[in-house]
Amino acid sequence: QKATVEVLDHLEHLALVDFRDAEGVERLQKAIQFADQLHEVNTDGVEPMDSVLEDRCLYLREDDVTEGNCTNELLKNAREKVEEYFVAPPGNIPLPKLEERETFLQGS
Amino acid sequence: AALKGGLRFQVSAALKEGHVTPTELCQRCLSLIKSTKFLNAYITVAEETALKQAEESEKRYRRGQPLGVLDGIPIAVKDNFNTAGIETTCASNMLKGYISPYNATVVQKLLDQGAVLLGKTNLDEFAMGSGSTDGVFGPVRNPWSYSRQYKEKSVPKSCSEDEESNWVITGGSSGGSAAAVSSFTCFAALGSDTGGSTRNPAAHCGVVGLKPTYGLISRHGLIPLVNSMDVPGILTRCVDDAAVVLGSLAGHDPKDSTTIQDNFKPFELPNLTDVSKLSIGIPKEYHAPGLSSEILALWSKAADLFKNAGAKVVEVSLPHTRYSIVCYHVLCTAEVASNMARFDGLEYGHRSDMNKSTESMYAATRREGFNEVVRGRILSGNYFLLKQNYENYFIKAQKVRRLIANDFMKVFGSGVDILLTPTTLSDALPYREFIKEDNRTRSAQDDILTQAANMAGLPAINVPTGLSERGLPVGLQFIGRSFQEKQLLTVAKWFEKQVKFPMIQLEVKRHYHGAFQHQKSAFFS
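Protein chains in written order, with full-length UniProt numbering: chain C, 1 to 108; chain L, 1 to 525.
Next comes chain C alone, as it looks inside the complex (with noise of 0.2 Å):
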């Protein structure tokens, strides 16, 4: 199994990270390959495991509020705010395509 550009791509836009350089690429690849070795193991009627603790309940505490009215501790760790507000560039713009965007793959 190989991934194509297509999912490259896909992938990049997914992430929002970039695979780079050729060599990013390669790591995938590779990466794809190693983890085709589970298709070696016979998993018929075995249920996935998600977590270890499986048998036990989650522990769920009181809807009481016990801690909070630290906004300004909290903004200090962001570059951009304005009074009580993170402030983010305009959204519902997406990536560039393949072709717009500077991107290792553009060319693949």
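Don't take each hint at face value.
[Stated by the list, open to error] The list that follows gives simulated cross-link-like pairs (lysine-lysine, BS3-like), each with its CA atoms no further than 25 Å apart:
no., chain 1, residue 1, chain 2, residue 2
1, C, Lys76, L, Lys356
2, L, Lys387, C, Lys30
3, L, Lys59, L, Lys153
4, L, Lys356, C, Lys81
5, L, Lys307, C, Lys2
6, L, Lys399, C, Lys30
7, C, Lys30, L, Lys109
8, C, Lys76, L, Lys255
9, L, Lys312, L, Lys410
10, L, Lys486, L, Lys109
11, C, Lys97, L, Lys59
12, L, Lys109, L, Lys59
13, L, Lys356, C, Lys97
14, C, Lys81, L, Lys96
15, C, Lys76, L, Lys96
16, L, Lys399, C, Lys2
By construction, these hints were calculated from the structure, which means they are not laboratory data.
Please arrange chain L on chain C, whose structure you already have, making use of the hints.
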């Protein structure tokens, strides 16, 4: 002597009796950190706050009211735990300058016991790696590189080659913490363990590395890698000390709903003398390809040690062992892809100047903030989570995970109490050798013996066992049943007593008015 001794029986006693004060202890450790700076074990040294904490501790001792065994004890914390007011970087550009507004629960617990926080230790970026070589602050050097034991055995290739090029890695990803404990700059350190990140460097640095059962110790404030496998790890110079630290950390935390609600009672380790009722399992699959003959021999010798002492030693099988590293690779990258999504530059951490759109800002921030290892894992994880791959990779891996966990259940269910395995395939590699292969390859090689325990959530501990032919530490691993830390540590302590692992004979170059001067520090004589 107090500086090198164990917590419970030597240092604590010394503090109680006033032979040494908390501030003296703190100052000595801080001074030692300065003179071992070349190890690069610490990212941040919190000198001012540490001395303040030591002063407070001293007041308590003078009143005759120490908070407990840990009062006044200098400790270090891996830099992926949040520490209020102290920079937490995860050795990444993404979090350079990030000052946590809160303490991780485990940090808070240690501070509540009066421990003195000396600083934050170095690691692989975001705990991804098995060498502690891939962080933005550079690699950590194994203190044993500068030991008499290693120097005596190393044959320089030429007269001009010196220890500068010969130094060996600590292993990882909690290499800074392991180096800090190994070089006597602190008495205990926190690491984290997701695939072996506490036990691996413990083995290479000749210290005790405990991975507790998943769910025993709170992960609140530990910057997550793999939520279903991460645990805080404990690094100390002896098993008794690990038990002391465990006692102060374990227990339910309302802030971490994955901690179990059972009541945890701290325990003292008995001095086991009779092992005849013990059943030790030797999993044959842990004789993995690439296991050095030295470690194989040591493992065999250890099994004989138990046998000769009357224990039942049996060969067992964990048939899915060879798939656990593949399984880990898929589950780890998938959870990483999710966990790393929080780093977007908006609320904390690095933020790119790019401001055309939210998406492009996020992309640029992450491009600038993450190294190739982190980016690689995020991209792989996202691949395995794609709709077309979800069933074949992610769900498949979760099924294999159950098979791995079941392997352990079967063996423990058949009457075996503890498993005995090697921790690493070889002793520590020289840095120049280690970097010849990439991070993913190395991690896949080095985690092979440790990460199945993370897969099954079981407690496991590295106990330093002996020195290799190159004069470097080699450890062995004990894996126990879920939440049976007392039994695990009791057996580990018995074993530790039998093998009498040698103390490191550290030789530290001293800069003296600009000229280098070899000087055996008074500390180490």
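Consistency of the hints with the structure:
no.	hint	result
1	C:Lys76 x L:Lys356	holds, 24 Å
2	L:Lys387 x C:Lys30	holds, 20 Å
3	L:Lys59 x L:Lys153	violated, 47 Å
4	L:Lys356 x C:Lys81	holds, 17 Å
5	L:Lys307 x C:Lys2	violated, 51 Å
6	L:Lys399 x C:Lys30	holds, 22 Å
7	C:Lys30 x L:Lys109	violated, 42 Å
8	C:Lys76 x L:Lys255	holds, 23 Å
9	L:Lys312 x L:Lys410	holds, 17 Å
10	L:Lys486 x L:Lys109	holds, 20 Å
11	C:Lys97 x L:Lys59	violated, 65 Å
12	L:Lys109 x L:Lys59	holds, 20 Å
13	L:Lys356 x C:Lys97	holds, 15 Å
14	C:Lys81 x L:Lys96	holds, 19 Å
15	C:Lys76 x L:Lys96	holds, 14 Å
16	L:Lys399 x C:Lys2	holds, 23 Å
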